[in-house]
Structures are given as structure tokens and as C-alpha cells.
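K.L.:
Given next are the chains, with one letter for each unit.
2 protein chains.
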Amino acid sequence: MDKKIRIGIVGYGNLGKGVEMALKQNPDFELEAIFTKRDPSTLQTSHKAIHVSEIWNYKEKIDVMILCGGSANDTPIQGPLIASCFNTVDSFDNHQSIPEYFKKVDEAATNSGKLSLISVGWDPGLFSINRLLAQTVLPNGKDYTFWGKGVSQGHSDAIRSIKGVKDAIQYTIPIESAIEKVNTFENPDLKACEKHKRDCYVVVEEGEDLDRIENEIKKMPNYFEGYDTTVHFVSEEGLAIHRSKIPHGGFVICTGKTGEGNRQKIKFSLDLESNPEFTSSVMIAYARAIHKLSIEGKSGACTVFDIPLGYLSPKSMEELRKELL
Amino acid sequence: MDKKIRIGIVGYGNLGKGVEMALKQNPDFELEAIFTKRDPSTLQTSHKAIHVSEIWNYKEKIDVMILCGGSANDTPIQGPLIASCFNTVDSFDNHQSIPEYFKKVDEAATNSGKLSLISVGWDPGLFSINRLLAQTVLPNGKDYTFWGKGVSQGHSDAIRSIKGVKDAIQYTIPIESAIEKVNTFENPDLKACEKHKRDCYVVVEEGEDLDRIENEIKKMPNYFEGYDTTVHFVSEEGLAIHRSKIPHGGFVICTGKTGEGNRQKIKFSLDLESNPEFTSSVMIAYARAIHKLSIEGKSGACTVFDIPLGYLSPKSMEELRKELL
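In order, the protein sequence lines correspond to chains A and B. Sequential numbering of the first sequence, starting at 1, is according to UniProt numbering. Sequential numbering of the second sequence, starting at 1, is according to UniProt numbering.
Just to be clear, a hint being listed does not mean it is correct.
The list cannot tell twin chains apart, which means a pair is met if one copy fits it or any two copies do.
Claimed, not checked - Taking lysine-lysine and the BS3-like style, the derived pairs with C-alpha atoms no more than 30 Å apart in a straight line are:
id, residue 1, residue 2
1, Lys257, Lys298
2, Lys4, Lys149
3, Lys37, Lys104
4, Lys322, Lys104
5, Lys267, Lys191
6, Lys197, Lys59
7, Lys59, Lys4
8, Lys292, Lys191
9, Lys149, Lys103
10, Lys257, Lys245
It should be emphasised that the hints constitute simulated quantities derived from the structure, not laboratory data. None of the values given here were measured: they were computed from a predicted structure.
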């Protein structure tokens, strides 16, 4: 029997827990250790929990490190650092900063001879693949990405930063009339705020001015300004209902014409009850590819655009041709 | 400016014409010649038409040959033969025979040092990719492929083979109740005939027994037996309406659970007004990848599972990371 792929998880939030669970569904992997910035004894897990400062002792024991920290503060630092010693997979999702982040990780991984896949999950990740397929197969077409209905962590955090707000959850919701325009080949030009509306559930401190808070939310630049935003003030119990799941989803759609005007439509959609669990499932499939490609001698940073999809599967190319082609 | 990718088309039916039109949408290609088994002077094209027996004179003039013959009789012969001299891309879609066909093309292309991509289009092709993604990302899930509504050439031909039938068109139509079961996570076991029904438009010779013909269609093994089949007898003019477009489509859907039972759904769907034009658009994108990979020194036969998706694009990996990730 082949040796199992030995995994380390760095960061034990929703994503790290998702990876831990996803590994159970993939028998060709084993989880060697979970690395955390916290006191390892406080982690609620049956696996080995290790302080992240000891990660360097695991150089010979781990094939791929899955980076599960936040894209704002953890991954930009941890990515290049850990790539200097391990193969890595991360879900860095700050689209703007990807070129800069790629460069840093590429430098570290090229020096160490390790292989690092950055920015994999569903967006960036599977959605990126589908944007690419759409644009290359239908070069005269136009592609659109819609997100939701789902919880945006960034927007929820933004609301929580407002004075007087105790807690909040924000749903991003695609606008039906915009979807309709795309579906009927109108090829509209649509800004993000013309494709999505925002639905906010907010718990406030006692005695706060609700109008002031609603106003501050709706006028927040980059996050809510220009969007059709609805604010619902709820109790803590009312908010708890929204906490039980972390749903998300969305779709990439491309409409284009070929030949003398034949209309062609490609659509890739996700409907997810747990965003972090799905993201980590994608990361695990790609970790398998990274392990195989590293054994073949590849090094440096790479993205979903560099990976032959057959490498994601535990099956041989021969089996894949026979069963799936 | 980079040199254009020089293409040869082998076979000038619907698919070959589709490739000819698709090339117009992709300015990094140029069409060098169309090769045909017919008298080249009879081809209605503004491009150079050459008899296929002269194909060997084009060894230095063509980067990738796109094989557009039929999967039943042309490609099984032409694939290995042309791979002995040229990079090739084909859409061989006889799923059962793919392993055997792969082996023959691989042998020829390995010997010649050329690179041959077999079985690319939408199914096999984009649908194969999505079956693979589904199974690797959701290993506890179940994936289903539905085809239609669309014209099945094979089934139309089968009806035409019946005595007394002048002409026929067969539509494959997905069964709504089956889709519903999949959508609601019932994880049904579904045979092809439980997922699709068949709608036939048939023109008969004068004086033929309609009951006998309808009966022969409905009882034809492999093609119609076991299926919910409807037969409409129409006039030649009535059939002509169905000839104006060659629509098709369908989808790959996967439902699975992660973690402690969170339901996740992945769906990839196509809605096509012209099946051959879309298939040829996919072939052209992959021809770009084959050209690049051949320059990098790859040879032998390969499939969509072997190709890093970034190679499909005229853009650099750096541009793709910046714009599409």
C-alpha cells in the first residue's frame, strides 16, 4: 500500500476544523499535527496540538502544510515563512494582493525547493478556473461572478466595528433582476453593487440610537455605500439562529456567441451549507496534487492555473480515462 | 509579436466548420489548410482546401491538426496516423473505446515526439473535468450527468436505419422528477433511461405502416428500449424546422456532505444553441495548450486531466493571477 500523505494544519479556526473533518473523508491522508498560536492544551481536538513555534521540528514528518489562518493577518506572514521549509497550500483570498503575495511565496519556495499552492478554495479557486474556462472557450463572451446568498465575514466584521454594535452578521444576496439580464444575453455592464444586495442582522448595546447605527452602516464606503442595504435589528437570541450554519455559494456564468450568432451559456454554481468545510475540501484535493507534483520535482509558488486536474484524484490517470472521461 | 499558431482542420463537416469559425474569434491562431476526403474543389470555404492524401506535405507548416471526422469511422484511423507526424487535438467520444484509442495514439505520438490531446469537447471534455472535480472535492458525494435537451446524432441515425424512414431527428430530454430527486439530496441510483426521455421526429415514406415503425423505434435495444420514448410523425417541412439549429446542453451535478452532515452542491451546466460550434471552441482553447506544451517538450497522448488550465489562455500566468484568480 502507498504511504499516506502526512498533513499539518496551521491555525485551528473554522477552516482548520474543516480540514480536520475533510481528511476523514480521504483515506489516503493522515493528520500528523495541528499547529496553533494559542496554548495547544486549550484546543478541543483528538489530534496532536502543537505550538506553532515548534513547527520546524516537523520538517521530516509532514508532506504538506495546510495554512488555515486569516488572509488579513496570518497568511501573508506565515505563507512565505512556512514555504521556506514545507510544501504548503493556502486559501489567501485578498484578490488585490495576490500578485505581491505570490512573489514572496515563490521566492521562499524556490529557495527551499518546496512547492506552494496559493489562493485555493472556491473563490479564489474553483470560480477562478471557471472564469478562465469561460474566457478561453467563449472569447467573444462575457463572464459574471455572483456571490451568495451567504455570510460575508469581512462585512460582518465591518458592522461590528461601529460604535454601539455588539454583534452582527451580513448576508450578500445576488439581485434577481441582474441575473435575469445576464441570463437573457443582454450583456449588461454590472458593478458589484448592481449584482448584489446586503442584508444585515445587528445586535446593539442598550440605549443606542438605531437610526445613527443604520445610517453609519449604509454609508460605510467600500463595504455598503452604493449597495441596496437592509438593516434588521435583532436580539442576541435572534442572531444565534444565523450562527448555526455558515452557508454560502454563488455562480460564475458566461454568455457568448459563436459562428454566425449562436448563443452559448456556461454556468458553474455552488450551493453550500458550510463555506469553511467546502473550502477545506477543495484545499485537501489540491494538497494531494501538490504532494505528487513535489515528488516529481516541481518547486516554487503556483496557483490553480498550473495544476493538471488529474493530480487532484487518488486514482491513476488510466483509471480516470476509463471511468470519468 | 508572437508567431501565430498554425492550424490544420481534418474533415469539413459541422465540427470542421465550427473550428473554422472559432478560429476567427481567436486572433493568435491562423488557419493554414482544411484537409478533406472529398474533392477539395467542392468545399464551400474561402480557405485553402487540400485532399487529405497530401497532408504529409504540411509537416513544417502546421503546429496543430484539429481532427474533425466522426468518432465511429474517421478518428480511430486518423488519430494514430496523423499523430505520427503532427500534434493533434480530437473529440473522440466513444467512451467505451477511449482506453484502447488512447493507447494507439500514445504509441504513435511518443514515437514521433508529437503531442496529441484526445477526447476533448464538452462530453468528453468539460463535463469530464467537472465529474473529476466533484469526486475529488466531495469524496462522500454522488455525481450525476444529465444530457439535453438536445439532438443526439447517434439516435437520429439509428431511427434512419429503420425500413420506411426517410429522415429523423431525436431529442434527448432530462426527466424533471429525476433532477428533483438529485437536487433534494435523495442520492438516487439512476440508470441513463431513468434520467432521460427520448423525443423523435420522423419522416416516413408514403404508404408505410406507422405503427410498425413506431414499434421498431421504441423496442430498439441500447437506443430506445427501456426509455420513455415519444414518436412524432412529421412532414419533411416539419422536420426542417428542427434542422435550423443543433442545440444541446446538460449538466454535471454533485451532491455531498461534509463535516457533521452539511449539504454541499456543485453544478456545471451548458446551454448551447450550437453543439458543434461549442465543441470546436473548446478544441481551439485546448489546441493552444497543446501547442505550448509541445514547445516545452511534452509528447505522447494526453487528456483534459493532464493539462494545466492556464495553458488554455492566450494570457500569461502572471496576467491570469492578477485578473482571474
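K.L.:
For each hint, tell me whether it holds in the structure or not.
P.N.:
Hints and how they fare:
1. Lys257 / Lys298: neither (39 Å within a copy, 33 Å between copies)
2. Lys4 / Lys149: neither (37 Å within a copy, 44 Å between copies)
3. Lys37 / Lys104: within (22 Å within a copy, 55 Å between copies)
4. Lys322 / Lys104: between (40 Å within a copy, 15 Å between copies)
5. Lys267 / Lys191: both (19 Å within a copy, 25 Å between copies)
6. Lys197 / Lys59: So lysine 197 and lysine 59 fail the 30 Å test inside a copy (46 Å) and across (57 Å) alike.
7. Lys59 / Lys4: Classified as within; 16 Å inside a copy, 47 Å across copies.
8. Lys292 / Lys191: neither (40 Å within a copy, 35 Å between copies)
9. Lys149 / Lys103: neither (33 Å within a copy, 46 Å between copies)
10. Lys257 / Lys245: between (40 Å within a copy, 14 Å between copies)
Hint compliance for this structure: hints 1, 2, 6, 8, 9 are broken, all remaining hints hold.
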